[in-house]
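J.: Here is how the chains run, residue by residue.
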Amino acid sequence: MILKNLKVLVFFMLASSSAWAGSGQLSVGATYDGWNSNYAAPAQDNGYEVFVPLSISFQIDPQLNIYSQGEFMTAADTYTSGGVNGTYNLSNFSDTVLGGELNFKSFSLNSIANLAINIPTGDTTWNTKEQSSIVPTQFIDSRYSGRGLGFSAFYGLSLPEGRGEYSAGVGYLYSGAFNPSYGTVTTTTSLQLGDAVFLALNRVTPFENDQNEIIRASVYQSFPTYSNGQAYYQLGTNFNASYDWNNPKALSLEVGGQIYLPSAWSNNGGPLTTESHNSNGPRIYADSTYVFGDFSLMEQIKYIFQNDYAVGDQYYNGGGFLVGIEPAYFFKMEGDSGLKVAADFDFVDANNYGVDASGDVASVNFIMWTLATSYEIKL
Amino acid sequence: MELAKKALFTFVLIGLAAVPVFADIQTTPNQGIFTSVSGQVQVKTAKGHKTKKAQKDMTVFEGDRIITQDQSSAVLRLFDGSSLDISANTEFVLSKLQKPSPQDKVIQFKLIVGELLAAVEKLTTSKSSFEIEAGGVVCGVRGTRFSMKSSGGHKPQVDLHVFEGIVYVVDSKGNKLFFRPGPPVRFSKGLPVDVPNPPVPPPDSGNNNTGLNDLNQQFKSNVIINQDKTLGAAQGGTNVTIKPYVGN
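Protein sequence lines, in the order shown, are assigned to chains A and B. Taken in order, the first sequence gives residues 1 to 379; the numbers are from my numbering. Taken in order, the second sequence gives residues 380 to 627; the numbers are from my numbering.
Chain A on its own, in the form it takes in the complex:
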């Protein structure tokens, strides 16, 4: 199975680089991350992952860039379910993304089109399994993708205005069905995460020394998620806004926020009904990066407000916060190649995420640390 996936992965990566006449970039890395929680024994929620991300891109001509990316991951996630501890193990490739970005003119304006296909080289059961044993993904995104065949398309154009430019774009995600081990992790169910439409606008203003200011606003509209062909859930409309000051040689800052409208659920196979309270609380975040030559230091803070349900309700989510820090060093090598080494430490406080010995809800803390290297080679 692994060999088969390896062949598929290599095939698509080589296919993506068939026209090696232009300039290109190969990036290969190795990352270790581990996490732990303050759950009292015998309950556990910890694990580690080691993965090797690989991406390749080629500039076929100044307008067209093709790319491919994927990774191989080995992981062991320990969980507790029904009072029994267990460990899920993974040693597999992730899905492979193959895409192309085209820069062109439309309506006499600079435009971009990006088409990508998600090739199902990954383990479709893993994203569901790991849910019970990783740091909640509302704080830290999953590092693995095994979602089955899918497509995405994005089109955007930019309008110069004064010193800067406005850009607007629309994207569509076709999310193919996959067969995760769902719920109890013993039943195989066809699950199709909702398709989505994305609308976004930003304003970029350049300043001297390659600095720029970016103001963003976007909307992400999800469509129904299907379980065994039955509409089951629809994530509420997601609105995003952020402000970004980017200075590649000194201090960069970004602050932003997200809000969700109420989601919709199906009760016992019935039609989707908008929930009485909003199950997704707003979130705000801020991060900064300071660059000292080849050394950089990134800090991140994220705060998620509790949702509108009362404590004890099955849909209650207490939110919480994340603080993280990541020092990194970039070793310049021959030509334009370079080696980046980074270490990341994150602390998560998930508010009322667990229960204490008295049966009352209690906060759960997670600690996650990451060591990562990536090597970039100009082709």
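Note that these hints are calculated values from the structure, not bench results. All values reported here derive from a predicted model rather than from experimental measurement. Careful: at least some of the hints might be erroneous.
Stated by the list, open to error - When the alpha-carbon atoms are kept at most 27 Å apart in a straight line, the in silico BS3-like pairs for lysine-lysine are as follows:
#: 1; chain 1: B; residue 1: Lys478; chain 2: A; residue 2: Lys378
#: 2; chain 1: B; residue 1: Lys506; chain 2: A; residue 2: Lys249
#: 3; chain 1: B; residue 1: Lys555; chain 2: A; residue 2: Lys378
Given the coordinates of chain A, work out where chain B should sit on it, guided by the hints.
T.: This is chain B only, laid out in the frame that chain A set:
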């Protein structure tokens, strides 16, 4: 079979006959050739340090210095098809005339005094460049027409006039500015001092497409965040106490 041989021979013959014609149009790599010379134009060669009088069809090389006198001018065609109109009372050096690979070209001039008008063939790779440096200011393009004028001396005034396309300027502080066609922009001591034609955002060529690339990245990021949320909801319908853990 005989017909095929004849056809091949004819093809080769035509090909060989075309070579001198082609060579007349296209200079060989690392060279420039004068297509027009008027008045007193001198070439100080890098090799041998000789001073020659420029003539039509004369070849110049990297490192050569070209000087035009009063009421004199010349047109230089470069190996890539770009051309340089050299005004009277101009002195400049062919700093780089390089073709490091079949696709790439690196062309650079150092303008001491006078005026150069450049008509540049489109650069097709990111490693290619066409630049003129004068008085601490570097102007570069990726396929356009512009002129650069220097008053000469230790701290010259430099005028940039863009006629077509976009020209980038790296000033003495390292700032990179982009100019579209418009009135001339003046630089003194390597910095812009008179800017009737304000700089514009970086042009959109793949890596400089900041706004559009940012939107594209946002889309990818939002897909990950929201798919994770959807998967979490579809699995348990809640993010809290889905396991009967005992926390502390």
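J.: Compare the structure with each hint and give your call.
T.: Taking the hints in turn, this is what the structure says about them:
Note on Lys478 (chain B) and Lys378 (chain A): the hinted pairing holds, with a Cα-Cα distance of about 19 Å set against a maximum of 27 Å. Of the supplied pair hints, the one linking Lys506 (chain B) and Lys249 (chain A) holds, its CA atoms being roughly 22 Å apart against a limit of 27 Å. Distance check on the hinted pair: Lys555 (chain B) and Lys378 (chain A) sit about 24 Å apart at the alpha-carbon level, within 27 Å; holds.
In the structure shown, no violation is registered for any of the earlier numbered hints.
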